[in-house]
Amino acid sequence: MLDDFLIRALLAGIGIALITGPLGCFVVWRKMAYFGDTMAHSGILGVALGLLLGIDPTIGVLITAIIIAIALLLLQNFKFLATDSLLGILSHSSLSMGLVVISFITWLRVDLMAFLFGDILAVSRFDLMVIYGGGAVIITILIIIWRPLLALSVDANLAKAEGINIKLYQFIFTMMIAVIIAIAIKIIGVMLITSLLIIPAVAVRKFSKTPEEMAIFSVIAGIASVVIGLFLSYEFDTPSGPSIIIASFMIFSIGLLPFIGRKS
Amino acid sequence: MNIPIEAIRNHDDDILLCADGISLSFGKNKILNDIDLTIKNGEIVTIIGPNGAGKTTLIKILLGLISADHGKITKAKGLKIGYVPQKLHIDPILPLSVMRLICLTKRHSRNDVIDALKESGVDDLIDNQVQTLSGGQFQRVLLARALLLKPDLLVLDEPVQGVDFTGEAALYDLISKVRDKHGCAILMVSHDLHIVMASTDRVICLNRHICCVGKPDEVVQDFEFKRLFGQRSDAFALYSHFHDHEHDLQDGGSHIHDDQCNHNDNIQNPKDKNNA
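Protein sequence lines correspond, in order, to chains A and B. Start counting the first sequence at 34; every next residue gets the next number (the working numbering). Start counting the second sequence at 47; every next residue gets the next number (the working numbering).
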């Protein structure tokens, strides 16, 4: 049954939604959307380097995302540049470098659209193993560091004053974002992965009373987005990434309906 | 004030926290200049000073949130600090009840939390979302939260910020009860030069350097503050702070002294005596 590419794509998408749900909540709580976007955009440089060096693009993406994340964490210590300017510079420079490098690779036929926006035909059995293996590791680590990471998300100073090693948890969390970007590239692509982190989390906010509820509801909204999006992609032969994001946007919009006209 | 930390600590087991010669600059701008500060067991110390005087920065250095360029902080072994920050903005995107906020870094039983919230008068709010609280309610929740950590030292940065005047009086009243009940030392910051709690043991006037240190009642008697201002509330003592010299914030908060410059003799002026 797993030979069927659509089943593989669905399993891959559901696996990714299981990870992006809770991780995406922390991205919105910590206001790291642009940070995640920058890491994801650098992924295309990772794809290019992977193709050049003949290693798996997933590994290339993981490595560049980690390098960009470390560069960001270090550069943020220098106060000469506002963080969003810094992110803008790194985000689009690395994206451009990746695109230029790929244009030099004339001996390979590279389907750039697949890396940018995902391709449901691209998911292999090996990819599924990477998604579920990597996902299990991320979720386990997230459960272990849940409380300190939540404290840090509420207020970093308060957490630090109460003895939490905020630098450590910030670093672990950033590495988890790098991993999810790398393993989601096949199905969502580098341009849209941050949307799958953010939109389901925001969509379920109004229905959640606790951080944990929001994480679980966000997984459900993410899975629904993936399933609807992939069927749309299959039916209309559209790129899978944008189809999934449109589905999540529809869920977000429907979720707003009960609250229209109400204050806050 | 210039006795080495080791000497102080050897002679006094009561010292919880001791800062020695703390200085910090941002670029050319001196934020803090050679600050000495000692907090003993059970005392209430209030830091006052105008906006931009470096009060919150000093608190953050004492708590270890930022590091100073120069100087040394010594804390008593196993010192537990409860911290109520100046601003705690919790974004509406994060669903968080009062109970969860209180248990953020340390788990407490629901009964303990209710008891602590009762003490600060907001136990009915335990299951409310934090974003629905008013400024005064939020400060009371944060105070209860800090007290549940059973601190030796409670650090309050502008505890009455965003609270209206009657709420202010009630909150100060509450804070002065805290020491009596819990026996913890309190380090408090206020930007209000004219209002300092009656129960404060020591007032430190900060304007990028320590201008003066004194007991409020000494200061109060000295300036005949009652004649000047009267008693606004039982929870308050009014402490008028006269500067006979100008402060120039542009110039790193340095003093402009003249021949008539006479800091009050009842107040220690560790730095100014040297300068003047």
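Keep in mind that the hints were calculated from the coordinates and are not lab data. In this text, a Cβ means the ideal position worked out from N, Cα and C, and glycines have one as well. Take these hints with a grain of salt, some might be off.
[To be verified] Restraint-style ranges between C-beta atoms, simulated for each label pair:
1. B:I139 - A:L114: 24 to 30 Å
2. B:N87 - A:I176: 38 to 44 Å
3. A:I176 - B:I139: 30 to 36 Å
4. B:D170 - A:K112: 27 to 33 Å
5. A:L145 - B:N97: 51 to 57 Å
6. A:I100 - B:D170: 33 to 39 Å
7. B:S180 - A:M162: 33 to 39 Å
8. A:T243 - B:S180: 18 to 24 Å
9. B:I139 - A:F269: 30 to 36 Å
Can the suggested window of 33 to 39 Å be confirmed for the beta-carbon pair I100 of chain A and D170 of chain B? violated, 51 Å
S180 of chain B and M162 of chain A, beta-carbon distance inside 33 to 39 Å? Taking Cβ atoms as reference, S180 of chain B and M162 of chain A lie about 53 Å apart, which means the hint is violated.
Could you see if the CB distance from N87 of chain B to I176 of chain A stays within 38 to 44 Å? Check passed, 40 Å falls within 38 to 44 Å.
Just tell me: holds or violated, for the beta carbon distance of I176 of chain A and I139 of chain B against 30 to 36 Å? violated, 21 Å
Quick one: are D170 of chain B and K112 of chain A within 27 to 33 Å, going by C-beta? Given about 44 Å between the Cβ atoms, the range is violated.
Go ahead and decide if the range 30 to 36 Å is satisfied by the Cβ distance of I139 of chain B to F269 of chain A. For F269 of chain A against I139 of chain B, whose Cβ atoms are near 33 Å apart, the range 30 to 36 Å holds.
Between L145 of chain A and N97 of chain B, does the beta-carbon spacing fit 51 to 57 Å? At 54 Å between Cβs, range holds.
Is 18 to 24 Å a correct range for the gap between the Cβ atoms of T243 of chain A and S180 of chain B? holds, 22 Å
How does the Cβ-Cβ distance of I139 of chain B and L114 of chain A compare with 24 to 30 Å: does it lie in that range? Distance hint for I139 of chain B, L114 of chain A holds at roughly 26 Å.
When each numbered hint is compared with the structure, violations occur for hints 3, 4, 6 and 7.
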